[in-house]
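Novice: Use the sequences and the hints to build the structure in full.
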Amino acid sequence: MRQSTITRRTVLKNAALGSAAVLSAPYVRGAYAAGKLSLGCWDHWVPGANTALTKLCNEWGEKNKVEVHIDYITSQGEKDKLTAAAEAQAGTGHDIMSHRDWNIQVHQRVLEPLDDVLAQLIKQYGPISPVAEYLAKIKGTWRGVPTAVGSQVKPCCSRFDLYKEHAGIDLRDMFPADEAKYDKAKTDQWTWDLYLSSAEKLFKAGYPVGLPMGQASDAVDWVGALFNAYGVVMVDEKDNIRINSNETRQALEYLKKLMAVNPPEVYAWDDAGNNRWLISGKGAGIMNPPSAWAVAKRDNPKVAENCWTHPMPRGPKGRFVGQLPQFYGVWSFSPNKPAAKDLLLHLSQKESMRQLVAASFGYDLPSFKSMYDFDTWKTVEPPLGTVYSYPPRGDEQTSMAGAPSRSDVGAQIYNQAINTVMVAKFTQGGEKLDDVIKWAEKELEGTLRA
Amino acid sequence: MVDIVQQRWAPPVAGEAARAPERRSGLARALRRRSAIAFLMCLPLITIIACLVVYPAFYAVFLSMLNKSQTRFIGLGNFSFLLSRDVFWMVLWQSAVFALSAVFFKALIGLITAHLVNNLPSKGQRKWRGMLLVPWVIPLALSTLGWWWMFDPTHSAFNWILKGFGFEEIAWLSDPYWARFSVILVNVWYGAPFFLIMYLAALKSVPEQLYEAAAIDGANAWQRFVHITLPTIRNIIAITVLFSLIVTFANFDIVQIMTAGGPRNMTHVFATYAFLLGIRSGDIPLGASVSLFMLPILAFSAVFILRGVRKRGREIG
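So the sequence lines, in the order shown, correspond to chains P and V. Residue 228 is where the first sequence starts when you use our numbering, and the numbers rise one by one after that. Residue 3 is where the second sequence starts when you use our numbering, and the numbers rise one by one after that.
Take the hints with a grain of salt, since some may be wrong.
As the list claims (entries may be wrong) - Covered by chain P, according to a simulated footprint, are these stretches of chain V (three or more residues, beta-carbon under 8 Å):
hint : stretch
1    : 62-71
2    : 99-113
3    : 147-159
4    : 260-274
5    : 281-290
Unchecked claim - Here are some chain V residues pointing at chain P (derived, C-beta under 8 Å):
hint : residue
6    : Phe83
7    : Ala173
8    : Leu175
9    : Ser176
10   : Ala181
11   : Leu278
As the list claims (entries may be wrong) - To spell it out: a stretch of chain P is covered by chain V in this simulated footprint if at least three of its residues, at any positions, have a beta carbon under 8 Å from a beta carbon of chain V; those stretches are:
hint : stretch
12   : 302-316
13   : 323-333
14   : 478-492
15   : 495-501
Hints in this document: simulated from the structure, not taken from any laboratory. Ideal Cβ positions, reconstructed from N, Cα and C, are used throughout, including at glycine.
Specialist: Written out as structure tokens, the structure reads:
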């Protein structure tokens, strides 16, 4: 009988050789790298921004002999989320998919680990946004690569002319278009208390600020940032419900005063409501990415010329701004994972990010602080420097409503808008503070369900 | 030898040959039967329904019995969880108010309009019929957007008119009660033409002699309506109401476009709440459970209404 020539030694030797080959070869030259790669990407609202992404993908495709196909999927009516949910359930679809906000957490079971890609990017560009890490690093494993495309923070976008005239605040002096010129004594004055007193003056002058209080993300994000600034924790990392606190009471009492000087329709605003408010010329300020300013530039240039994007007010626990990053995930059922990872690495390079940010006129925001030095934010106008402080500057920290709870709990808190419903119950519905907190406790208890 | 083999094999071959035309004629006979032809013609539709309705329905039942991460079977756990939530009870109540009030007004407006159109001279009737059907013909998402612009929280066209006449502005979508009114109004606007066309068809089928006889007996218009029209078209009314109830209970577009369930969750209906939990929050099993809650309510209504229809059918028969 013929003996097998496979011995333990040869198996180990071949395995070592194979591993070395896999590690040393670039992704696309691996055994499964040939062929096609399909992407389902978020359809950018800025004209021309999709073209920049397509160009970057095609350049990579030509260089690596991979045919790249991109489907741009709108987020109107959550079509992108529906597509992702359908592909995850069916186990087939694109290789790479865009995921907004909590979708990495939602689809974590069918997303390929991307630790190797993120390790390389962090090595290249330094620390990543804690919000991006919170949303995409699930149980110690990165399941998504943060992208600049569609990623945003929601700082103040204010009419500096109205603030100066009616509230006596010079926002451009307080937050000049150069971080090195920030004067701590001045920036420290920009607190939620000052925000309220100036909002009251602007309301009296007939130019109220417009802060949405519906259940859409703009509302959830700015209330989340305010809650953080007051130290409100809804559910902590260990599943303790902590909404019944003095911090919550303090924040809600503050919000009662602030909502009284907002237009009453804010309770019905969707994510475009505040934009329209600013563009119409009726409003003195909103909390939004520069999209409102960009549309005003086209539709109402006089308003755009007087807009200034600047950091959020500071609260007792710090200065926070709501961040909403987007990610690319590789489905675990993708037949071309090595190529997908290599493309994501290419798209995440600083030069690629620079092109994407420029194409979106500064709307897109990378998750690496080391990339906040792009010229786009300095050169966009009118007025020059208007969006310089769009990326978090000075002592501003990014925050996510729903954090620091487990991300699957946070997703429920965020998407069911428990924070803004609480505020609306108290400020619009006239419910008692204790009843509102009791309601929130019960809702939060429901989010902890396994 | 060859002859023997042929002899051995001959009888079965002959028998086979005899049975073949028999089988063919059996198949031909089956195909000639009207029920077989009807079945074959319905087969594509049955296949589509099986793939797009029956399979997803059973899959939804399966999903509703899984845990949030779809890794464990939890039986009726999702349903019992929902029953313990205040928001779910509010959604249940709102769905009932939305569906029942919308169907009631659609039926009422449809009936009145059908009568008006039926009494128009036949020359101009077609134009009116066409015009009144417009809301039902326009894609719902598109017409709802139009309504949303008119109710827009900040730049409402209705408020502009109200203001022009010196009235106070109305918080159409930001006040929860006005928001409920608005979504019901749009549903009624969209759905009333369906009732109109069904009732109009039913009115056309009422024998004219009955009205003539009643007129000779001195019956007035109301008496003619109550004693002739209503009993004659009662089955159509019941079936139309049932159909509309099912569609209205499951409505998604109007609420999602106009309010997305807000303010304060006070306009959510089953479909929008299921979407919020299942797609937006990523808890597909819980979303499936919410949507399945409609099933017993609608099944009960269907049984109740169809039993009445069958009973009246037997009485007429």
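Novice: Find the hints from earlier in the document that the structure breaks and name them by number, from lowest to highest.
Specialist: 2
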